[in-house]
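Q: Here the protein sequences come in this chain order: C, U and E. The numbering of the first sequence is this note's numbering, which starts it at 1 and goes up by one. The numbering of the second sequence is this note's numbering, which starts it at 1 and goes up by one. The numbering of the third sequence is this note's numbering, which starts it at 1 and goes up by one.
Do not rely on the hints blindly, as some may be mistaken.
[To be verified] Here are the simulated distance ranges between beta carbons:
#1 U:Asp93 to E:Pro186: 40 to 50 angstroms
#2 E:Asp234 to U:Leu103: 47 to 57 angstroms
#3 E:Pro204 to U:Leu95: 17 to 27 angstroms
#4 E:Val208 to U:Val77: 35 to 45 angstroms
#5 C:Lys156 to U:Val255: 35 to 45 angstroms
#6 C:Gly45 to U:Thr9: 32 to 42 angstroms
Hint data in this document are derived by calculation from the structure and do not stem from the laboratory. All C-beta atoms in this analysis are idealised placements derived from N, C-alpha and C, irrespective of residue type, glycine included.
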Amino acid sequence: MLTFEQRLHNALGSQEIENIKARHALWHGMGYSKEEWDTIWYKGGDTTWGHFFGRMVGWEEVWSGSVIDSDEDQYKRFTPKCREDMSFSHFNLRSTGSCGCHNLASPVIEVAEDGKSARACYLTPGQLCQGGEFTLHSGCTFFYERYGSDFVYDEKTDRWLYFHEQVCPDMMGSCNDGNYGQTLWEAAQQGVFFRGGGMAPNNITEKGPLHHDLCPVQLPQNTAKWPEPYRTLDNDNTYSPNHNDPSK
Amino acid sequence: MKRMNQQFTNDELVVRLWDKEKIRDLMARHCYYYANEWRRKELNDLWVQRYDNRKTASLGNNLGYYEGWENICSFYVGERESQRYARLKEYSDALEDVEYSNLNLGLGQMSTHTANTHLVELSDDGLTAQYLAMDSGQVTYGHPDGTADEYFISGTILADLIKEGDDWKIWHLKIQHDSTCSAKPSGRKATVRPPRPDSDAAKGESPPNAAPPSRPKPKYIGPDPVVEEFGTPTTPMEAYLPKFGWAFLPDQMPVPYEYFDSRKGFGPDGQQEYVVY
Amino acid sequence: MIKQQYSSEQLLTRWEDRRACQNIAGKFSHSYVIHEEELIYDRFWSKRDDVCLGFNEGWYNGAEAVKGYYDALGEKKKLASKLIRDRFPEELAQYSEEECAGVGILGYKPVDTCVLEVAGNGETAKGLWICRGASMELTSCGFVLNTEWSYLAIDFIKEEDGWKIWHMKNVFDVLTPMGYGWAGEPTDFTEAPEFAPLKDFKMPEPNVPMKLREYYHPMRVFSPSPMPPEPYYDFSETFTYGIEEV
Numbered sequence: 001m002l003t004f005e006q007r008l009h010n011a012l013g014s015q016e017i018e019n020i021k022a023r024h025a026l027w028h029g030m031g032y033s034k035e036e037w038d039t040i041w042y043k044g045g046d047t048t049w050g051h052f053f054g055r056m057v058g059w060e061e062v063w064s065g066s067v068i069d070s071d072e073d074q075y076k077r078f079t080p081k082c083r084e085d086m087s088f089s090h091f092n093l094r095s096t097g098s099c100g101c102h103n104l105a106s107p108v109i110e111v112a113e114d115g116k117s118a119r120a121c122y123l124t125p126g127q128l129c130q131g132g133e134f135t136l137h138s139g140c141t142f143f144y145e146r147y148g149s150d151f152v153y154d155e156k157t158d159r160w161l162y163f164h165e166q167v168c169p170d171m172m173g174s175c176n177d178g179n180y181g182q183t184l185w186e187a188a189q190q191g192v193f194f195r196g197g198g199m200a201p202n203n204i205t206e207k208g209p210l211h212h213d214l215c216p217v218q219l220p221q222n223t224a225k226w227p228e229p230y231r232t233l234d235n236d237n238t239y240s241p242n243h244n245d246p247s248k
Numbered sequence: 001m002k003r004m005n006q007q008f009t010n011d012e013l014v015v016r017l018w019d020k021e022k023i024r025d026l027m028a029r030h031c032y033y034y035a036n037e038w039r040r041k042e043l044n045d046l047w048v049q050r051y052d053n054r055k056t057a058s059l060g061n062n063l064g065y066y067e068g069w070e071n072i073c074s075f076y077v078g079e080r081e082s083q084r085y086a087r088l089k090e091y092s093d094a095l096e097d098v099e100y101s102n103l104n105l106g107l108g109q110m111s112t113h114t115a116n117t118h119l120v121e122l123s124d125d126g127l128t129a130q131y132l133a134m135d136s137g138q139v140t141y142g143h144p145d146g147t148a149d150e151y152f153i154s155g156t157i158l159a160d161l162i163k164e165g166d167d168w169k170i171w172h173l174k175i176q177h178d179s180t181c182s183a184k185p186s187g188r189k190a191t192v193r194p195p196r197p198d199s200d201a202a203k204g205e206s207p208p209n210a211a212p213p214s215r216p217k218p219k220y221i222g223p224d225p226v227v228e229e230f231g232t233p234t235t236p237m238e239a240y241l242p243k244f245g246w247a248f249l250p251d252q253m254p255v256p257y258e259y260f261d262s263r264k265g266f267g268p269d270g271q272q273e274y275v276v277y
Numbered sequence: 001m002i003k004q005q006y007s008s009e010q011l012l013t014r015w016e017d018r019r020a021c022q023n024i025a026g027k028f029s030h031s032y033v034i035h036e037e038e039l040i041y042d043r044f045w046s047k048r049d050d051v052c053l054g055f056n057e058g059w060y061n062g063a064e065a066v067k068g069y070y071d072a073l074g075e076k077k078k079l080a081s082k083l084i085r086d087r088f089p090e091e092l093a094q095y096s097e098e099e100c101a102g103v104g105i106l107g108y109k110p111v112d113t114c115v116l117e118v119a120g121n122g123e124t125a126k127g128l129w130i131c132r133g134a135s136m137e138l139t140s141c142g143f144v145l146n147t148e149w150s151y152l153a154i155d156f157i158k159e160e161d162g163w164k165i166w167h168m169k170n171v172f173d174v175l176t177p178m179g180y181g182w183a184g185e186p187t188d189f190t191e192a193p194e195f196a197p198l199k200d201f202k203m204p205e206p207n208v209p210m211k212l213r214e215y216y217h218p219m220r221v222f223s224p225s226p227m228p229p230e231p232y233y234d235f236s237e238t239f240t241y242g243i244e245e246v
């Protein structure tokens, strides 16, 4: 039976997790990788970030794959934009014109009984929309993903910090170029199946695939199931098995 | 970020816990009221009631700000009603059995506004709060010929909230509209392309992984009906330029703060300038 | 309702109740993604007999009808999975029927924009959400991704083993194939004879048929969302999201 103070700590933690998730999604959507990973993440050896391609393990690997690789991408995309229109160069290149809406929906959040960790599962009905001179356009991209996240409480700083993230992309396609289901079906009839795409980072300790995009022959996946009430972060209650030690 | 919780008692922390939930509910209610066209009800129920707060209240959008209560009401309720009657006229002019009356306002129209990915921070003094959320919804305008213009919309909602008694109220609201994307067919067809035999995608997996489906490049198609409904703010300015995307959003994201400073708020005093040499 | 005063302990309990209800809505939503929709009744619904589930065409009123609806979702999934497994023997013959349950299809019902009120007496709660969903379904024309815009309104009741769904109303503005707008219709879908058996499958009809909401069309009268919940003390003081709504 938890005391009032313990319950209050857990309640505040649960609420703070919602804020952290929102910050993460907003910074990610605007291409602010350094801020996304520098400010709200636990910088330890068991910090992990997983996607369909596998899992980056340890703070340096996560930083390298999520910040350096990502920034390289962002600058490659936006520097030519500045040469076309110099006005872009007066703003942060990483966010100019970038609006990746990783909307967070369907939260399930549990804080451990011991108050030292928390777990959250979300769905995203996302949208990639392009800011532009004229806001009315045809051609935007939808995406549907699931997120499983673990957090740890840092007693020294009285802060909750991201510890693990598992991204599970399910669908990503055009809102306007025909029906996505029919697109996959037509390809499947030719024996062509899209299982998961995008660039994998240069260094990954645990190679995947950990999750596949939906296609006509994709079996059900429960890669990031919702958290249940739990006592402490362990291999039965984690989104990153064998990486549950914040002291590393 | 500051160590917030150490300076509050447990009783104060419980109040703050609930304050954040009330604010999330308040802003979600705004979305329903906004989509339901319950504008007068929204102003009465959700917005500031005290005279001094109403004097400094503001409603902002891409084109500027409506400052002060009278200007907000005049646009939000009065002008909005005119817009709705203008849309109804298309129906009543074309169809004999559609009466040009308040009973038919909103015929063929639909919208959904969402508040998700929300970020809420209370001031240390517990009297104000700042809120940011994404709004990814839709607006739909029907026509009497049985067609409709259907759009996905995207933007962010920012708000300063203030506590009046035990209730939280909207004080400054800013809608930053990013895009309106037609939901209609583009005429193009997406395809899934098979992988090249030598590509990484072709190796190892069974069945082998194809290249990702083709994705659209946005094609700009005209004046935005959503922006057209933003009216002519009483304080016009470049309050939000979607061209530069979320360039200012990093600075706008609420962070823990001690007390309200209008220069960091979401009213006109807090507006950042789009300085381009 | 007279404004209630709560102690800190009471406020904390009410917050925990609120979180519990939000978690149920989240788990309800996730159940579709992990292909466990047929388990929704057993996991999340109250076993009272006055439960009800409403859609645009009417109500599934009573425990048997509600359970029957979710059981039928499971049967539909089984049929679709069998047809897909038969269609792609090279890729799927190695897997059992159980392993293939839900292959190739996926329901996304993400819910956000929550307004939730816990009763003053802590016995019930009411919540309203917006659902912007997409469901990959198998049809007689092959795979089709449907767009969904709907409202999810839930009355919760607190029972011995936790909070449960008591009444649910999931009313749609839009449920159409993605890519054609929601007032238009696709014209280029081709029948796939291998999936023809799907045409014979019918979900059970609501046992209390009534029009709860019209799908959007350009002549639809303006249709506001279900009413967001307001603070209340006892359920008798507030409206229901269930079948007796006036």
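Q: Evaluate each hint against the coordinates.
A: Do the hints match the structure? See the list:
1. U:Asp93 to E:Pro186: 40 to 50 angstroms: Violated: the Cβ-Cβ distance is about 31 angstroms, outside 40 to 50 angstroms.
2. E:Asp234 to U:Leu103: 47 to 57 angstroms: 36 angstroms, violated
3. E:Pro204 to U:Leu95: 17 to 27 angstroms: Between E:Pro204 and U:Leu95, where Cβ atoms are some 38 angstroms apart, the hint is violated.
4. E:Val208 to U:Val77: 35 to 45 angstroms: Check passed, 39 angstroms falls within 35 to 45 angstroms.
5. C:Lys156 to U:Val255: 35 to 45 angstroms: 20 angstroms, violated
6. C:Gly45 to U:Thr9: 32 to 42 angstroms: Between C:Gly45 and U:Thr9, where Cβ atoms are some 37 angstroms apart, the hint holds.
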